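**Q** Each chain is listed here by its residues.
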Amino acid sequence: QDTVEAVRSRGVLRIPGILNEDPYFNKDPRTGEWRGFAVEMARDIASTLGVKLEVVESSWPNSILDVQSGKADLAFGITATPQRALSVAFSAPTYFNSFVIVSPNPELAKLSWAELNDPKYTFAVDMGSSQDLISQQYLPKAKVLRFKSRDEAIVAVVSGKAVGLVNTMLNGLVMTKKTDAIGRVMVPQPVLSTPSVVAMNYGTDEKWKAFISAWAEYNRRIGNNQTWIVKSLEPFGITLDDMPEGVGFGG
Amino acid sequence: MSVASPAAADTILEARGIAKSFGQLPVLKGIDLALTAGEVVSIIGPSGSGKSTFIRCMNMLERPDAGEIRFRGRRVGARFADHGAEIGQGTLRRHVGMVFQHFNLFPHRTVLQNVTEGPTVVLGQSQKEAEAVAMDYLAQVGLADKRDAWPAQLSGGQKQRVAIARALAMQPDALLLDEVTSALDPELVGEVLGVVRRLADQGMTMAIVTHEISFAAEVSDRVVFMEGGVIAAEGSPQEICREPRHERLKAFLARFNA
Amino acid sequence: MSVASPAAADTILEARGIAKSFGQLPVLKGIDLALTAGEVVSIIGPSGSGKSTFIRCMNMLERPDAGEIRFRGRRVGARFADHGAEIGQGTLRRHVGMVFQHFNLFPHRTVLQNVTEGPTVVLGQSQKEAEAVAMDYLAQVGLADKRDAWPAQLSGGQKQRVAIARALAMQPDALLLDEVTSALDPELVGEVLGVVRRLADQGMTMAIVTHEISFAAEVSDRVVFMEGGVIAAEGSPQEICREPRHERLKAFLARFNA
Amino acid sequence: MYSWSFFPIFQASDLFLWGLWVTVVYTFGSIVLGLVLGLALCFCRLSGNRALDWVAQGFQELFRCTPLLVQLLWFYYALPLLLGIDIDNHVAAMATLSLYAAAFYAEIFRGGILSIAKGQSEAGAAIGMSKAQIMRRIVLPQASRRMLPAFINQSVIQFKNTSLISVISVADLAYMASVVNGQTYRPLESYTAVAVLYFVILFPLTRLADYIERRLRVSE
Amino acid sequence: MYSWSFFPIFQASDLFLWGLWVTVVYTFGSIVLGLVLGLALCFCRLSGNRALDWVAQGFQELFRCTPLLVQLLWFYYALPLLLGIDIDNHVAAMATLSLYAAAFYAEIFRGGILSIAKGQSEAGAAIGMSKAQIMRRIVLPQASRRMLPAFINQSVIQFKNTSLISVISVADLAYMASVVNGQTYRPLESYTAVAVLYFVILFPLTRLADYIERRLRVSE
Ligand SMILES: Nc1ncnc2c1ncn2[C@@H]1O[C@H](COP(=O)(O)OP(=O)(O)OP(=O)(O)O)[C@@H](O)[C@H]1O
Ligand SMILES: Nc1ncnc2c1ncn2[C@@H]1O[C@H](COP(=O)(O)OP(=O)(O)OP(=O)(O)O)[C@@H](O)[C@H]1O
Ligand SMILES: [Mg+2]
Ligand SMILES: [Mg+2]
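Protein chains in written order, with my numbering: chain A, 1 to 251; chain B, 1 to 258; chain C, 1 to 258; chain D, 1 to 220; chain E, 1 to 220.
Hint data in this document are derived by calculation from the structure and do not stem from the laboratory. Some hints could be false.
[Unchecked claim] Chain E stretches covered by chain C per the calculated footprint, using a threshold of three residues with CB under 8 Å from any CB of chain C: (1) 89-96; (2) 141-148.
[Claimed, not checked] Listed below are the simulated SDA-like cross-link pairs for lysine to any residue, each with C-alpha atoms no more than 20 Å apart in a straight line: (3) B/K250 - C/E187; (4) B/K250 - C/G190; (5) E/K131 - C/T91; (6) A/K141 - D/P8; (7) A/K207 - A/G70; (8) E/K118 - C/E187; (9) A/K178 - D/F10; (10) D/K131 - B/R63; (11) E/K131 - E/C44; (12) A/K178 - A/V4; (13) A/K209 - A/D28; (14) C/K250 - B/K250; (15) E/K118 - C/H83; (16) E/K131 - C/A183; (17) D/K118 - B/F106; (18) A/K143 - E/D86; (19) A/K178 - D/R215; (20) D/K118 - B/R63; (21) E/K131 - C/G88; (22) E/K131 - C/F80; (23) D/K131 - B/V27; (24) E/K118 - C/A183; (25) E/K118 - C/A152; (26) E/K118 - C/K146; (27) D/K118 - B/F80; (28) C/K128 - C/A139; (29) E/K131 - C/A139; (30) E/K131 - C/A81; (31) E/K131 - C/V122; (32) A/K120 - E/C44; (33) E/K131 - C/P107; (34) C/K146 - C/R109; (35) A/K143 - E/D88; (36) E/K118 - C/A139; (37) A/K178 - D/K131; (38) E/K131 - C/S182.
Computed from a prediction, not measured in an experiment: that's the story for all the values here. Backbone N, C-alpha and C define an ideal beta-carbon position, used for all residues, glycine too.
Sequences and hints are given; from them, build the entire structure.
**A** Rendered as structure tokens:
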């Protein structure tokens with residue numbers, strides 16, 4: 001029995017959802033309702049398959065465990081790297097994510113990644129995330145504080161423990177709208193963007209992988225993915241105009 | 001070996017060839033002793049001679065390595081319950097009471113509850129019945145007014161008298177006493193010995209381990225002198241305590257008059 | 001009040017009007033007692049009469065509520081060190097030894113180390129010097145061969161003899177003994193009393209709390225009968241132990257012949 | 001200078017209280033289960049049966065020598081894979097907490113039982129009581145009194161440990177604090193609120209344990 | 001079925017070993033500091049001075065009744081704001097761990113000292129020793145023997161607690177596990193590796209504590 005059949009006979013498609021990860025995911029703790037563009041994407045896949053969507057609550061590192069351990073069928077918002085590809089299967093890109101610095105210090109605005117790579121700067125990042133990988137690669141000389149969650153990284157910047165934080169464009173935009181003290185989004189040169197993909201169990205059958213990849217490719221090309229993303233940013237008062245010059249999702 | 005005992009019909013408790021080692025240390029090397037109904041036997045001897053170990057073997061609190069204990073002619077087995085021709089340790093202990101040097105009262109029970117514990121839990125008496133009997137025995141040891149006290153509120157002598165009442169409430173056929181006055185203030189020794197003396201007068205069958213030589217001489221029908229895990233001398237109080245002939249017995253008794 | 005004592009010049013240790021309560025309970029109600037050089041005073045009395053409390057006041061292990069302790073005519077103050085005309089508790093205890101009912105040997109020190117602890121740490125003797133003195137006293141109590149044993153390896157009687165040697169190694173002017181045989185097996189009492197008797201013969205000044213009436217009668221120059229926190233009778237051993245006239249003293253002594 | 005503002009915390013007080021309730025339920029549930037299981041473990045240790053003793057001891061060591069955090073992740077993710085079954089995060093949280101508590105409780109129980117003087121069992125035996133009767137009527141009542149302070153202290157630790165179940169997404173108090181963080185970016189205030197809630201509950205318990213311990217010390 | 005692969009973990013073994021080293025350093029450092037501070041706290045408790053006793057007790061309760069996680073966050077974020085100074089995460093981690101350990105050690109020390117029979121102090125006093133001499137030469141040597149098992153057990157807990165300093169970004173073993181997770185997406189394997197490392201270090205320690213405890217029980 002292949003995965004498509006399995007999901008259909010189960011009647012639900014399961015994905016891991018993460019708390020406080022606007023615009024990807026968020027859950028209303030009072031009603032238990034999920035929102036975010038990753039949820040919208042999953043809902044589209046579910047309706048394509050004619051099943052219902054179930055969100056299993058998780059965290060960034062654990063969402064991989066969820067697909068590896070079969071607690072979920074797909075994990076969204078995953079940055080594909082070759083090393084990670086040895087542990088889970090990845091779909092074609094759903095969109096492209098750019099990496100940014102968020103800082104209250106305007107002096108950083110003009111600096112490139114190479115100039116930021118200096119021991120006099122301390123950056124905060126959430127542990128094990130794709131931005132963590134980016135900072136390991138591009139900011140090896142700078143001081144990097146790694147925290148369990150994005151929120152703690154934000155607090156580190158707000159309380160002056162770090163000059164700024166490294167994160168993705170999407171997260172950065174939301175954070176600056178939520179709290180002024182974090183400063184503003186800056187895009188150091190060169191613009192780094194990595195594909196965001198859907199992760200699946202390593203042993204999944206080819207049919208399922210092909211289906212998910214086809215879904216991702218199609219919706220990225222046709223602009224549906226961008227639409228879902230932009231829609232998820234609306235509640236925060238962010239529009240495409242807020243995006244820095246030369247940055248997009250299409251890759 | 002036949003189950004019926006060849007000993008006299010009125011033998012209550014009998015030890016035959018009891019031997020016991022702790023690890024490499026042989027403590028008892030074959031001890032025979034029979035308690036006849038109504039008899040009071042005192043066991044004296046130097047510290048470490050095995051008196052406690054022996055008297056504990058008599059009700060199987062210590063399992064002998066060799067030899068056997070017989071109660072009213074029936075062999076006591078290794079199990080708690082009766083098993084075939086052998087009687088169980090539970091049965092033995094129900095009929096043979098024991099009083100310890102350190103009282104071992106149950107600190108979480110009142111005086112009365114200490115005494116009724118055995119009759120209600122082991123003999124299945126009703127609470128009311130057990131309390132009536134218990135009050136009887138508490139009165140006998142002069143502690144009826146302490147019925148609701150906690151053990152911690154009693155003096156050593158009072159504790160020991162409660163412990164005796166607790167043993168008596170099981171209405172045992174024989175009583176084993178292991179240095180019941182050694183842990184007491186000298187002043188309080190008298191009150192406990194008084195109770196034991198009265199029990200002897202009433203005809204209770206008893207084995208008494210004691211260092212109170214003059215008390216032993218006065219109250220016993222027979223005195224046993226243990227040394228090095230064997231019975232070294234045995235006889236009437238007169239023979240053992242007043243006119244000792246055995247050399248080491250003489251030396252032992254001499255130390256008490258230092 | 002003048003610091004020089006009006007008592008006889010050869011008074012070593014003197015208690016004047018000692019009173020002490022524990023919470024609401026008055027335990028000592030004004031006790032006077034003087035120990036003359038070379039004198040042996042025994043203190044007897046029923047349990048709870050305050051004997052231990054009093055003897056502990058004598059070296060300030062228990063702080064009296066009222067009254068004073070004088071050592072060789074000098075008042076003992078509340079501090080550890082000497083202070084003006086008053087001598088400190090440290091000085092008092094350096095000159096007045098104490099032996100306890102439960103030995104209180106230091107379990108983490110060998111026999112020899114137990115005895116040298118005071119001389120080296122308190123008197124500042126060298127290790128070698130202290131050991132020589134210690135071996136002397138261990139020999140006196142008959143335990144020279146146990147020098148390297150641990151307290152746990154000794155019998156009760158041996159422990160108590162080490163405790164006496166430990167007190168003697170401080171070369172005290174007087175010794176306080178609180179029921180030093182009460183925790184011992186009856187057989188082992190003799191060896192400890194023997195040591196105490198020899199000390200008395202050698203002229204050691206001692207106050208002895210004891211329940212061994214006949215020993216007290218034999219060894220003491222004076223016997224004190226305490227009851228209810230006061231000295232109820234006092235006199236020669238003959239007067240107190242053999243021909244008691246005081247009513248309660250008679251009742252007390254009678255209990256030992258129960 | 002940081003400007004404190006507890007207003008957003010008060011606004012979210014329903015979440016905090018709900019999280020507290022979840023924490024209490026998991027703590028209490030795992031204490032009860034841990035108690036039962038710990039008693040079983042303790043009897044295995046004292047059974048005199050070598051195999052049972054070893055198995056129980058191995059179990060205890062496993063839980064004593066690894067961080068609870070790692071145990072939670074293991075139970076939720078790895079065990080289902082090994083057994084080929086599905087384990088819900090609520091079940092995993094309760095089970096891990098209970099097993100962890102059991103490992104520590106068993107040691108407390110064992111110590112308590114062993115601390116009851118042999119003379120007590122012998123006095124029971126001497127009036128003809130069976131081993132089970134002695135355990136139930138003589139040893140356990142005394143042991144339980146004596147181990148009560150250690151038991152309460154371990155339960156206080158258990159209460160604090162429950163904060164870790166948020167890593168497998170059980171919505172306890174710590175979880176709610178991060179939810180509120182994410183909404184308000186007031187982590188100092190929300191962690192302060194959490195600390196105060198913990199303190200208000202646990203302080204009386206540690207006082208109680210100290211009080212009982214002092215009373216036992218006097219009465220013995 | 002999950003396919004296990006420990007290869008990426010072996011590739012990152014330098015990170016794990018470095019993290020282990022950091023964990024050991026923080027554990028050991030906080031044990032030493034906690035010991036010193038705990039001893040001081042314990043003496044405050046036993047000083048007979050009411051004010052000192054209360055302050056020490058209040059301090060202990062504060063640390064006993066709130067989760068270490070919350071304390072770490074507080075020390076790192078809130079305290080610097082309150083004091084207007086900068087506290088490095090390494091300093092905050094070491095300080096919090098040490099204070100936490102001190103609160104628990106103090107209780108162990110106090111119990112150990114109180115458990116030494118009064119007769120021992122009196123025997124020391126009776127040969128003229130001062131209070132300090134009695135404490136140093138008579139009480140502490142005996143108490144330290146007796147509290148050694150509890151001390152080791154608390155230190156095992158301390159070792160496990162050190163895993164929490166990763167929340168303020170100190171690169172301990174748990175931190176390295178997350179870093180490797182992020183790189184390789186092999187969380188089961190990396191958590192397993194962490195569990196094994198903890199177990200390998202802590203198991204001998206708990207055995208040692210049990211052994212000493214058994215020996216003490218026999219010798220007393
Ligand atoms: N449970 C035990 N384990 C090991 N050795 C023991 C045990 N019980 C007793 N012994 C040893 O057996 C010997 C005899 O002990 P027992 O208590 O029977 O002597 P006793 O005659 O009663 O002496 P006492 O007059 O001091 O009570 C002693 O050497 C003692 O150390
Ligand atoms: N530390 C204490 N706290 C409270 N009460 C005490 C304390 N020490 C002694 N007592 C009480 O003081 C009274 C006298 O005690 P003390 O030990 O001096 O009597 P004693 O004459 O030595 O008796 P015994 O012959 O039993 O040793 C007793 O009622 C005792 O309970
Ligand atoms: Mg004996
Ligand atoms: Mg006394």
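**Q** Each of the hints needs a verdict: does it hold here or not?
**A** The hints, checked one at a time:
1. As drawn, the segment 89-96 of chain E meets chain C at 0 residues by the rule of a beta-carbon pair under 8 Å; below three, the given contact is violated.
2. Judged by the Cβ-Cβ criterion of 8 Å, the segment 141-148 of chain E is covered by chain C as claimed, because 3 of its residues qualify and three suffice.
3. At most 20 Å may separate the alpha-carbon atoms for a hinted pair to count; B/K250 and C/E187 meet this at roughly 13 Å.
4. Using a Cα cut-off of 20 Å, the hinted pair B/K250 and C/G190 holds, with the two alpha carbons roughly 16 Å apart.
5. Our distance criterion of 20 Å between C-alpha atoms is met by E/K131 and C/T91, whose separation comes to about 14 Å.
6. As the CA atoms of A/K141 and D/P8 are separated by approximately 38 Å, the hinted pair breaks the 20 Å bound.
7. Of the pairs offered as hints, the one joining A/K207 and A/G70 holds, with about 17 Å between alpha carbons and a cut-off of 20 Å not exceeded.
8. The suggested pairing of E/K118 with C/E187 is violated, with an alpha-carbon distance near 28 Å, which exceeds 20 Å.
9. About 19 Å separates the Cα atoms of A/K178 and D/F10, which keeps this hinted pair within 20 Å; it holds.
10. With a C-alpha separation of about 15 Å, the suggested pair D/K131 and B/R63 falls inside the 20 Å cut-off, and the hint holds.
11. Proximity of E/K131 to E/C44 is assessed by CA-CA distance (about 15 Å); at most 20 Å being required, the pair is judged to hold.
12. Restraint check for A/K178 and A/V4: the C-alpha separation of about 40 Å exceeds 20 Å, so the hint is violated.
13. Taking the CA atoms of A/K209 and A/D28, the gap is about 31 Å. The hint is violated against a cut of 20 Å.
14. With a C-alpha separation of about 33 Å, the suggested pairing of C/K250 with B/K250 is violated against the 20 Å cut-off.
15. Note on E/K118 and C/H83: the hinted pairing is violated, with a Cα-Cα distance of about 27 Å set against a maximum of 20 Å.
16. For the proposed pair E/K131 and C/A183, the alpha carbon gap of about 27 Å is over 20 Å, so the pair is violated.
17. Taken as a hint, the D/K118 and B/F106 pair is honoured in the structure, with Cα atoms around 12 Å apart against an allowance of 20 Å.
18. Between the alpha carbons of A/K143 and E/D86 the distance comes to roughly 16 Å, so the proposed pair stays at or under 20 Å and holds.
19. At roughly 55 Å between alpha-carbon atoms, A/K178 and D/R215 are farther apart than 20 Å, so this suggested pair is violated.
20. Taken as a hint, the D/K118 and B/R63 pair is honoured in the structure, with Cα atoms around 15 Å apart against an allowance of 20 Å.
21. A C-alpha spacing of about 13 Å is found between E/K131 and C/G88, which places the hinted pair at or below 20 Å, so the restraint holds.
22. The hinted pair formed by E/K131 and C/F80 meets the criterion: a straight-line CA distance of about 9 Å does not exceed 20 Å.
23. A C-alpha spacing of about 26 Å is found between D/K131 and B/V27, which places the hinted pair above 20 Å, so the restraint is violated.
24. The suggested pairing of E/K118 with C/A183 holds, with an alpha-carbon distance near 17 Å, which does not exceed 20 Å.
25. Pair hint E/K118 plus C/A152 holds up; C-alpha atoms about 18 Å apart against a cutoff of 20 Å.
26. For the given pair, E/K118 sits about 26 Å from C/K146 by alpha-carbon distance, which is inconsistent with the 20 Å threshold.
27. With a C-alpha separation of about 18 Å, the suggested pair D/K118 and B/F80 falls inside the 20 Å cut-off, and the hint holds.
28. Straight-line distance between C-alpha atoms of C/K128 and C/A139 comes to about 16 Å, which keeps the hinted pair within the 20 Å bound.
29. Among the hinted pairs, E/K131 with C/A139 is inconsistent with the structure: their alpha-carbon atoms are about 31 Å apart, more than 20 Å.
30. A hinted pair counts as satisfied when its Cα atoms are at most 20 Å apart, and E/K131 with C/A81 qualifies at roughly 12 Å.
31. Among the hinted pairs, E/K131 with C/V122 is consistent with the structure: their alpha-carbon atoms are about 12 Å apart, no more than 20 Å.
32. For the hint linking A/K120 to E/C44, the alpha-carbon distance of about 44 Å lies beyond 20 Å, and the restraint is violated.
33. A hinted pair counts as satisfied when its Cα atoms are at most 20 Å apart, and E/K131 with C/P107 qualifies at roughly 19 Å.
34. This hinted pair checks out: C/K146 and C/R109 have alpha carbons roughly 13 Å apart, not beyond 20 Å.
35. Taken as a hint, the A/K143 and E/D88 pair is honoured in the structure, with Cα atoms around 12 Å apart against an allowance of 20 Å.
36. About 29 Å separates the Cα atoms of E/K118 and C/A139, which puts this hinted pair outside 20 Å; it is violated.
37. A distance of roughly 67 Å separates the Cα atoms of A/K178 and D/K131; the hinted pair therefore is violated under the 20 Å criterion.
38. Under the criterion of a C-alpha separation no larger than 20 Å, the hint pairing E/K131 with C/S182 is inconsistent with the structure, at around 28 Å.
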